[in-house]
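Chemist: Sequence:
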Amino acid sequence: MSRSAPPPPGTPGVRVLGADVAAGRWVGVVLDGAADGPASAAAVTAPTVAELVRQARAGGELAVVALDIPIGLPDAGRRAADVAARALLGPRRASVFLTPVRPALLAASYEEAAAVNRALAGEGLSRQAFALAAKVLEVDAWVHRDAGPDAGPDGGPDGGPDGLRVVEVHPELSFAAMAGHPLEHRKKSWAGAELRCSLLREQGVELTGPLGRAGEVAAVDDVLDAAAAAWSARRCAAGLARCLPDPPERSSDGWPAAVWT
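Heads up: the sequence shown is residues 3 to 263, going by our numbering.
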């Protein structure tokens, strides 16, 4: 894995949103500025992804929205995106949970979900994955609200509500791309947080101040994850991002399931 360089000089400025789930809410970081230089950073928080995006758009149109949550749900088996991401992350592979099949996410209990997933994917699912089921389904409904078969910017259905380009990201992959290798320190450790702040700073992303309501309700690692998601969104807008797998995998919902860095 090679270290990612900042965009080349002259890359047009963009406004993007990166978001992560934090304690049942969404926390987002908005980056605004020339893609080859420092970006102003602001934080937002909301109970739903739709409200989060509405808040972020109040300050200007968004080129890309990057979410740290599975988009494009499997009908059976493992998603190729999850398998590829885990392989790249090596010692940090456990940070990528395997996306449950759609019927498992609709189950009424963890035990039922595990049984359904075992039947359709050949394995159970983690409690962490089931705990996120409501947010995964929230995003699934939101991205498909207005997305038709040709809604995406390149002719594919990755253009979500109101024509927004919506992509899936994973912060540990984003940080690994910044560093050129998976990070050694856990994100919840002081060393890990300091390293992630340093990597973001090198890429022109500096988080300062209390960050308003988002800074009050979100943990440090959640804010850093949202900032890393925004960094990947910026790369998507500049045409520099890579996706795993390439080309994306598609299930019955038609959405291109891939993790972007």
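Take the hints with a grain of salt, since some may be wrong.
Said to hold, decoys possible - Derived CB-CB ranges, DEER-like:
(1) 92 with 222: 18 to 26 Å
(2) 221 with 52: 22 to 30 Å
(3) 117 with 42: 25 to 33 Å
These are computed hints drawn from the structure, not numbers from a lab.
The structure displayed is predicted, hence computed values, not measured ones.
The C-beta atom is built at its ideal place from N, Cα and C for all residues, glycine as well.
Chemist: With reference to the structure, classify each hint as holding or not holding.
Modeler: Verification of the supplied hints:
1. The hinted window of 18 to 26 Å between residue 92 and residue 222 holds, with their beta carbons roughly 24 Å apart.
2. One distance hint, 22 to 30 Å for the beta-carbon pair residue 221 and residue 52, holds here, with the actual separation near 23 Å.
3. Taken as a hint, the range 25 to 33 Å is violated for the pair residue 117 and residue 42, whose Cβ atoms sit roughly 48 Å apart.
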